[in-house]
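**Student:** Following the hints, put chain B in place on chain A, whose structure we already have.
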Amino acid sequence: MSAPAGSPHPAASSRIPPKLGGAAAASGAAAPAGPGPGPHQQNGPAQNQMQVPSGYGLPPQSYIAPSGHYSQGPGKMTSLPLDSQCDDYYSGLYRVATQNVVTPNTASQQPGAQQMYGSVPPAPHVVGSTLGSFQGAGSSASHLHTSASQPYSSFVNRYNSPAMYSANSSVAAQGFPSTCGHYALSTVSNAAYPSVSYPSLPAGDPYGQQMFTSQNAPTVRPVRENSFSGQSTAISHPSPLPPPPSQQYHQQQSLSGYNTFAWSASGLPSTQDNLIQNHTSLATANNPTNPVADTLSCSVMQNVQPPKSSPVVSAVLSGASSTRTPPAAGRPVEPLASVARPSELLQQKGVDSSSTTSSASPMPNSYDALEGGSYPDMLSSSASSPAPDPAPEPDPAPAPAPAAPQPSKMAKPFGYGYPTLQPGYQNATAPLNSGVPPSSPMYSGFQQYAQYPGMNQLSSSLGGLNLQSSSQPESLRPVNLTQERNILPMTPVWAPVPNLNLDLKKLNCSPDSFRCTLTNIPQTQALLNKAKLPLGLLLHPFRDLTQLPVITSNTIVRCRSCRTYINPFVSFIDQRRWKCNLCYRVNDVPEEFMYNPLTRSYGEPHKRPEVQNSTVEFIASSDYMLRPPQPAVYLFVLDVSHNAVEAGYLTILCQSLLENLDKLPGDSRTRIGFMTFDSTIHFYNLQEGLSQPQMLIVSDIDDVFLPTPDSLLVNLYESKELIKDLLNALPNMFTDTRETHSALGPALQAAFKLMSPTGGRVSVFQTQLPSLGAGLLQSREDPNQRSSTKVVQHLGPATDFYKKLALDCSGQQTAVDLFLLSSQYSDLASLACMSKYSAGCIYYYPSFHYTHNPSQAEKLQKDLKRYLTRKIGFEAVMRIRCTKGLSMHTFHGNFFVRSTDLLSLANINPDAGFAVQLSIEESLTDTSLVCFQTALLYTSSKGERRIRVHTLCLPVVSSLADVYAGADVQASICLLANMAVDRSISSSLSDARDALVNAVVDSLSAYGSTVSNLQHSGLIAPSSLKLFPLYVLALLKQKAFRTGTSTRLDDRVYAMCQIKCQPLVHLMKMIHPNLYRVDRLTDEGAIHVNDRVVPQPPLQKLSAEKLTRDGAFLMDCGSVFYIWIGKSCDNNFIEDVLGYPNFASIPQKMTHLPELDTLSSERARSFITWLRDNRPLNPILHVVKDESPAKTEFFQHLIEDRTEAAFSYYEFLLHVQQQICK
Amino acid sequence: MEAVVFVFSLLDCCALIFLSVYFIITLSDLECDYINARSCCSKLNKWVIPELVGHTIVTVLMLISLHWFIFLLNLPVATWNIYRFIMVPSGNMGVFDPTEIHNRGQLKSHMKEAMIKLGFHLLCFFMYLYSMILALIND
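Chains as they are written, first to last, in full-length UniProt numbering: chain A, 1 to 1222; chain B, 1 to 139.
For the record, the hints were derived by calculation from the structure and aren't laboratory data.
It is possible that part of the hints are untrue.
Unchecked claim - Result set (DSSO-like, lysine-lysine): computed pairs, CA atoms no more than 27 Å apart in a straight line:
#: 1; chain 1: A; residue 1: Lys-1039; chain 2: A; residue 2: Lys-1149
#: 2; chain 1: A; residue 1: Lys-884; chain 2: B; residue 2: Lys-108
#: 3; chain 1: A; residue 1: Lys-884; chain 2: B; residue 2: Lys-112
#: 4; chain 1: A; residue 1: Lys-804; chain 2: B; residue 2: Lys-43
#: 5; chain 1: A; residue 1: Lys-532; chain 2: B; residue 2: Lys-108
#: 6; chain 1: B; residue 1: Lys-46; chain 2: A; residue 2: Lys-804
#: 7; chain 1: B; residue 1: Lys-112; chain 2: A; residue 2: Lys-865
#: 8; chain 1: B; residue 1: Lys-43; chain 2: A; residue 2: Lys-530
#: 9; chain 1: A; residue 1: Lys-942; chain 2: A; residue 2: Lys-753
#: 10; chain 1: A; residue 1: Lys-753; chain 2: B; residue 2: Lys-46
#: 11; chain 1: A; residue 1: Lys-753; chain 2: B; residue 2: Lys-112
#: 12; chain 1: A; residue 1: Lys-530; chain 2: A; residue 2: Lys-884
As the list claims (entries may be wrong) - Stretches of chain B that chain A covers, calculated by requiring three or more beta carbons in the stretch to come under 8 Å of a beta carbon on chain A:
#: 13; segment: 28-37
#: 14; segment: 80-93
Don't be surprised by glycine CBs; every beta carbon is placed ideally from N, CA and C.
For reference, chain A alone in the conformation it holds in the complex:
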């Protein structure tokens, strides 16, 4: 065992860097990091532990060392002071050795396994390899995830394939079992069969990953090395696939059974074929070798257990292993060591998973449990629909990213001592070297040693080259926009994955909650300015989550200086101290934090759920309260003027309320109240004990007062009967009213007075322009200017009354939600202020009428259902923190910015999105990662004070190319849209439109002049930004920003409000609708959701050229669906799905698909239902016939086509190109 220690010679390390460098030029730095970082790496507790085993020279000692967890490996690794990293890496290996020494049982077992390999030539060989590798996988899989089984098979398959290659040489077999073995094997195999070496390397990779997940630091490092080499080898292969698959796998791994994934990854690198197979195999485990694998895995499992330190286990294992062990004797130490490693890794995993034994092992793996718990849905999804999940992932994540960026990060000594990071880095740089040195002592006899490095270097360097070249194609591949006809991908665009170390990637916040426009943060403001891309965050902090770790703890651990919550990206300097990742202050770990409730173990602060999940929720103590948590309070302020009664919304509202009264979020203290108003204000006394509701009328609207101090807001449960009476009576109470005036302002003032003692939610229903009292408004819209191409006026509020009122409300923790149901101009620009600044939400139903416009009525009904029953948080504040050097300067959304980074949110709802613009104040050269943390403190409807924390970690890059490579085009567009709304209100619409066009022109010209040195005649964009012009054109044609097309002012303002407060997912559909062809839905590529089969038709580009007369198309615009039926559409479709015999008989207004018992109807409906799920606004469906007048509605969304007032997509590109050439 000690022999391996020799491995990480400085020289070796030096070699490594170049190799890695090949992978990522920037990564060159990584190499130096190797030696330097040694200490840093150990920051993470996990790492430290790992290092402990590192004592190469003294296997037994090292083993003991683990008990002294934090004694750093390097120190022990006296032999290799320089290569602390290497030591770490190898520590795992060494460990094994040590284990052997210490416990004869385990040792024997291990050897036995090894022997197995050696002894049994081909078939056994396979088995052996699988055993070694699979032990981990098997154990972990079995313990943790159902999906694991699949991975098994996949692994096996891969293994088999490699095994096949290597089968001839016994050496190769040995290599498989252990990383050390891998090295040896690989070298041998390299000599003999180059292909063989690949597999071995990859195998190591998976382990490493697994290790990470399991948190076995020592093993991880070695693995990583292996993995890295594996990656590089994979890269070296000409095939483009290798790099991406590895990433994919990694990701998947993180989600699901780590071990299994790792294996798969390893398998991938081994051979291109394997890679491909792996993909498939992961999902289905189809490979013929599977059976073997299974058997193997079983055996492996046994083996794994023995490695566990626990005596009992070992005994069992020994039994299993014993049979195999006999052959082992023949094998030299090497195999043993190698075997031991995997076994250890596996063991650790196994132990953790089993949890019973965890206490015994120095490093219990709480991870599995945590992870499993935290991301079950992810797992299930991957398991259930393997195809879709992996597929999307790879697309966004450029293959090159992983290798290249990581090295650079590694280079930074900085310390984010994320345990994971370091290993990753090490992997990148060290793997080859480390592998070599350890093997050398052990296997000195073998020529492999010499060969090995050579081979490795070669492959790695090749790999590096390939990586770079391949990386370019992925996200930086120049795309000639003017020549690329089908720019829109067939599948939905996924968020790019930040180019982080695997472990960080796994821990990172979901892009659904937290996204940055640049996933690679530029180092300096100058660099950002050069890139001409917007930098900002898009947040969806209160999203409905299926899985959320909720932490109850007396002390919430936060940085003492910047108050950052502890998160997965902090570094543990030792067990008692952690370093803040935002301000770099070193903090103490409180005593309570040392205990991990999930694993019931002590002394592992890095395994607490807070440190294992980037999205967590804390139950806050009374320190986080200024007053006792408020009850849920709901007040409804209803317009009952003639106009409102005519529209008939009261019936729908009261009906919805009656239906959902019991589902209103809240506890036993929930209070509710009602007010109505026309030219006077009516209050309703619902005090318990009254025989019927009392109506109190206040006609003095100039000085509003509350007729009774209490009993206007009553307990929902105590006065339920009265409330029901009132709701039943309300719709008919004002049927004969002749009052046309609306005193909205005074009513709001009264509502504020009513709510101010408690705070809560005010829902205002308004149907016309307020015409009396404070806050009265005049009509400002000139209908003749609706289609003006010049100036659009009155986008801003006409009075500050509503803004002031909103700020007052916000100060009293009251949010005002506005439902505007009007048929005429109602000056939404002014009215919206009441919601904008009080953190409310705005709903707008133009030309609402309960009979004349049934689709709107239905929409209101469904929206109300969602609105009334969705989650709600009261008296909330949100603070966004970011790493020192970055600063936030502009916020978008509905809230009030109370101080520089504190957003005051009277209410928070799951449908609210936010955007923040960032600037880089100080150079970020001394850090490799930046983090953003959003903390949302709110009172739940149950009266609990809670804090939801999201943390996002992103790499810092220094080259412009990397900045472009990491651009997130959807996030950028959404941020630009927000900025454009601000611009059009503060300046003018044409300014905003110019700014949007300039954003494209500037960024593409900056790219063309700096990054892409290709001289093309066309318009060149990096692949990551290829949709940028299309989306900007879509924005220009969006209701909010379009000119030249008749747009009502209120519609325009509402679109702007939506842009400001919708989360990214919904906003993107609004900007760029999705078009699908639905008359030929098939189950090909379908996904399964809740036992339903949901077909996944490909996306079509938004152009009339895609509309064929014999087809039917569905357009998903976010808040509305259109189904366009071509004139000669197949009658079968019309009959089966629409329920009409032919095209002519389809009615003009059709808003439902009938429930027909045909396959195509079922498919269409399940597809639409799937699209509808989780929308804040329930989309209405319009069936549009080709000839109907409604088709203009549909056609205006075909943004790639030319209209009288706007460019077609191609013309727009030419326009941009022209601007660039200027």
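**Tutor:** Using the frame of chain A, we list chain B on its own:
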């Protein structure tokens, strides 16, 4: 007579200097989170009109008393004050709007403006002082 004009200008200028300092202090309080945007803006908005009036009076006084140089010196600042006041959008709560003061670096630009005004008023202060002494001596 001339002395009276400058004595008045001097006093007015002192007031404006104090006002500038007050603006700076309040804005930096906001920057440091000592007060919230709402109270900061309501405090500052109260003084926007007095500042505008005070400065316009001096400017007009200089025009009337035919001190062309000083008038021309004051004119741009007075014009800026009036322009800023007139151009407040109808929906805003004054020159300082609590909902926007944290956006787009408005806080910084307000701060910068207050600093520049402070410097300008100090310069004016010494000019008035000099002119006043000169006028008194001439009398």
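**Student:** So, against the hints stated earlier in the document, which numbers end up violated here?
**Tutor:** 7, 8, 11
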